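So the chains spell out like this:
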Amino acid sequence: MNDHDTPYAVDADTHDQWAFGTSFDDPLAGVDTTLAGGIDGADLATYCLMLADDALVSAQRLAQWCTNAPELEEEMALANVGLDLLGQARLLLARAAAAYPAIVPALPDGSPVPADDALAFFRDEPLFRCVRLVELPNGDFAHSIARLLVFATFRLATLQRLRGTRDPVLAAVATKGVKEVTYHRDYAARWFLTLAGGTDESRRRLNQAIADLWPYVDELFTPHPVEQRLVAAGAAVNSSTLRGEFDDVLEQIFRAAELAFPSARPAALVGCRSGRDGTHTEALSYLLAEMQSVARAHPTGAW
Amino acid sequence: MSDKDFTAEGGHGAVPTASVDTTPSETAVAADWPLYEVFVRGRRGLNHVHVGSLHAAEEKMALRHARDLYTRRNEGVSIWVVRSDAILASSPAEKDPFFAPSGDKVYRHPTFYTIPDNVPHM
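Chains as they are written, first to last, in our numbering: chain A, 1 to 303; chain B, 1001 to 1122.
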């Protein structure tokens, strides 16, 4: 068989032993990783944690659909979305550690755990900076799809603008992420329309999901003081400026789905602290317990 | 057996269905979505190649499922999908009259010519 007869052929030109996964692109190839002047390392690290934790916790939630999705094909689709986000999270966690090394949890001497893993698996819940939207339990398929639509629309708007940040690593991660999240939003929007126009039951479940999720939408667009300082330094995106685009996109989808655009009172904060400050719903502690327990049991383990 | 007794199923070629019990199981849920065959053109490939099959509710979903199932390791730059029941497969019973006659026609091969080195993919 000639090598052009199969897309899975071993690459004879490079004598690569792998049939799959040749010629990958390194999203950080050629990127200057030094910290630009005027950007506070600790602030940048915290901002990277916000972006990373949104992606990391979303990835964990999406991975929980494995063996539980309604169809094998959907299981793969959801896992792929999760793995895209996990890839973004790893780069962002590594950037956080490089910008401000003191942020990385201390591990026993000789531990081979890299900084991004240390931040993912050895950081306690109050130090996570994700919005509460992403940590809520998966619920049913309609709930997960509605959440993914909201999150992907918000994240795409964020990453599109973040491509112009003064931090070259963040800009490179954003450039890579825009292509990925564009697909996530497309995937979620298609299922959103399908469920809205499906059966009475699918529409009822979708409406329930929207009612459950919308109180957590405002938090996405509430800028944190760290974010505001970095906006002034030209390194971050002011999330409050994204609301217009977010509403425009979702209004189009809700109109096509013949659903009323929701208006819900925001979910209450505890002592004015949101997920961005490390104050979370109880769902996050269970998620982290499952995600972190093996790594924490073996802090010097190599994987 | 007639042509209708064979269908292209699951990427395994022609499968005889004549004497097979095709009464749907009462618990068969996955059967609700039709089967699609997937063809991917690789980075360096010239033509689309059959890589497998999948279930989807309709063809646009099938295209996206194909992207998620068959190109997640950087394999492809183009995808075709087609409903499996739109493919007519040759039947194993016709193997000899179909394919055996070409086995001894050496003069149909351009082996009597010298092919220049810079002509690829012959």
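These are computed hints drawn from the structure, not numbers from a lab.
Heads up, a few of these hints could be off.
Computed beta-carbon distance windows for the label pairs [stated by the list, open to error]: (1) Asn1118/B <-> Pro112/A: 29 to 35 angstroms; (2) Asp109/A <-> Pro1034/B: 54 to 60 angstroms; (3) Ala1086/B <-> Arg190/A: 18 to 24 angstroms; (4) Ala297/A <-> Arg1083/B: 33 to 39 angstroms; (5) Glu282/A <-> Leu1046/B: 30 to 36 angstroms; (6) Glu1058/B <-> Gly301/A: 44 to 50 angstroms; (7) Ser1091/B <-> Glu258/A: 35 to 41 angstroms; (8) Ser1078/B <-> Thr175/A: 38 to 44 angstroms; (9) Thr67/A <-> His1048/B: 28 to 34 angstroms; (10) Leu1046/B <-> Ser111/A: 34 to 40 angstroms; (11) Arg190/A <-> Leu1046/B: 48 to 54 angstroms.
Okay, derived cross-link-like pairs now, DMTMM-like style, lysine to aspartate or glutamate, Cα gap no bigger than 20 angstroms in a straight line [to be verified]: (12) Lys176/A <-> Asp25/A; (13) Lys1060/B <-> Glu75/A; (14) Lys1060/B <-> Asp1104/B; (15) Lys1060/B <-> Asp186/A; (16) Lys176/A <-> Asp186/A; (17) Lys1060/B <-> Glu71/A; (18) Lys1060/B <-> Asp25/A; (19) Lys176/A <-> Asp32/A.
Fair warning: this is a prediction, and the values are worked out from it, not measured in the lab.
Ideal Cβ positions, reconstructed from N, Cα and C, are used throughout, including at glycine.
Would you pick out the hints that fail for this structure and give their numbers low to high? 1, 4, 5, 7, 8, 10, 11, 14 and 18
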